[in-house]
Amino acid sequence: MTASGAEAVRRRDAARTRQRLLDAALKRFAHDGYAATTVRDITDDVGVNAALVNRYFQSKEGLFEACLAAAVEELRRVAGNAPLSDAIRHIITATGEDRITDVLLLLLRTSGDENAERMRVGLLRSASEDLASVAGWRPEDPQGEALMLRAQLVLALAVGVATLRVSTELRPLATAGDEELAGPLREVVDTLLPRS
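So for the sequence shown, this note's numbering puts the first residue at 977; every next one is plus one.
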């Protein structure tokens, strides 16, 4: 193998190891919480040296921040470019996927660490602003606070419904299909956040 070929293999392995660390951390942080999760727990799950967390993420906090960024990307992937109520429905019906469940748990679980908690709440605030902007929210608008409250209610609805679907056998919610959720979700979202 040439030197450039060996370097390419190392890069692919590095990217794969980084992704495996990210996946393991997302699952651990979502289920055990930030404070209870150690770097060793994560690296043991992956079967690598703990020093790799510092190499790829600088710290446990950096790894948590990367997990939050990955969570946002995962939600965007699932939501696609659909209108708001359809995007929320896509996220809710995707809760059968382990990764989406972990993402939602990560957003719900308090971290027990001041900096990690600030990052988590910041991500939720940013998601609220994205939702509110669909309805015409602008920070300087005198009615901005009322619209932000409505956006946060939509966010709470989406996360709450998704969480109930995966954590209970509450029927018909837990077993409702995409089509069954479409109408009611559209009504609620359009009522709370009418497009400007």
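In case anyone wonders, no lab produced these hints; they're calculated from the structure. Even glycine gets a Cβ: it sits at the ideal position worked out from N, Cα and C. Careful, some of the hints might be misleading.
[As the list claims (entries may be wrong)] Simulated pairs of lysine to any residue, SDA-like, Cα-Cα distance not exceeding 25 Å:
1) Lys1003 / Leu1051
2) Lys1003 / Leu1133
3) Lys1036 / Ala1046
4) Lys1003 / Gly1056
5) Lys1003 / Gln1034
6) Lys1003 / Thr1077
7) Lys1003 / Thr1086
[What the hints assert, rightly or not] Between beta-carbon pairs, the in silico distance windows are:
8) Pro1118 / Gln1034: 33 to 43 Å
9) Asp989 / Asp1020: 11 to 21 Å
10) Glu1163 / Arg992: 40 to 50 Å
Tested hints:
1. Annotation: proposed proximity of Lys1003 to Leu1051 holds, straight-line Cα distance about 15 Å (limit 25 Å).
2. Distance hint between Lys1003 and Leu1133 is fulfilled; the C-alpha atoms sit about 23 Å from each other, no more than 25 Å.
3. Taking the CA atoms of Lys1036 and Ala1046, the gap is about 15 Å. The hint holds against a cut of 25 Å.
4. Restraint check for Lys1003 and Gly1056: the C-alpha separation of about 23 Å stays at or below 25 Å, so the hint holds.
5. Annotation: proposed proximity of Lys1003 to Gln1034 holds, straight-line Cα distance about 19 Å (limit 25 Å).
6. For the suggested pair Lys1003 and Thr1077, the alpha carbons sit about 9 Å apart, so the restraint of at most 25 Å is met.
7. In summary, the hint linking Lys1003 to Thr1086 is supported, as the alpha carbons are separated by about 15 Å, within the 25 Å threshold.
8. Hint check: Pro1118 to Gln1034, Cβ distance near 42 Å, so the stated range 33 to 43 Å holds.
9. Look at Asp989 against Asp1020: about 19 Å separates their beta carbons, and that is inside 11 to 21 Å.
10. For Glu1163 paired with Arg992, a C-beta distance near 44 Å keeps the hint of 40 to 50 Å intact.
Violated hints are absent here; each numbered hint is respected by the structure.
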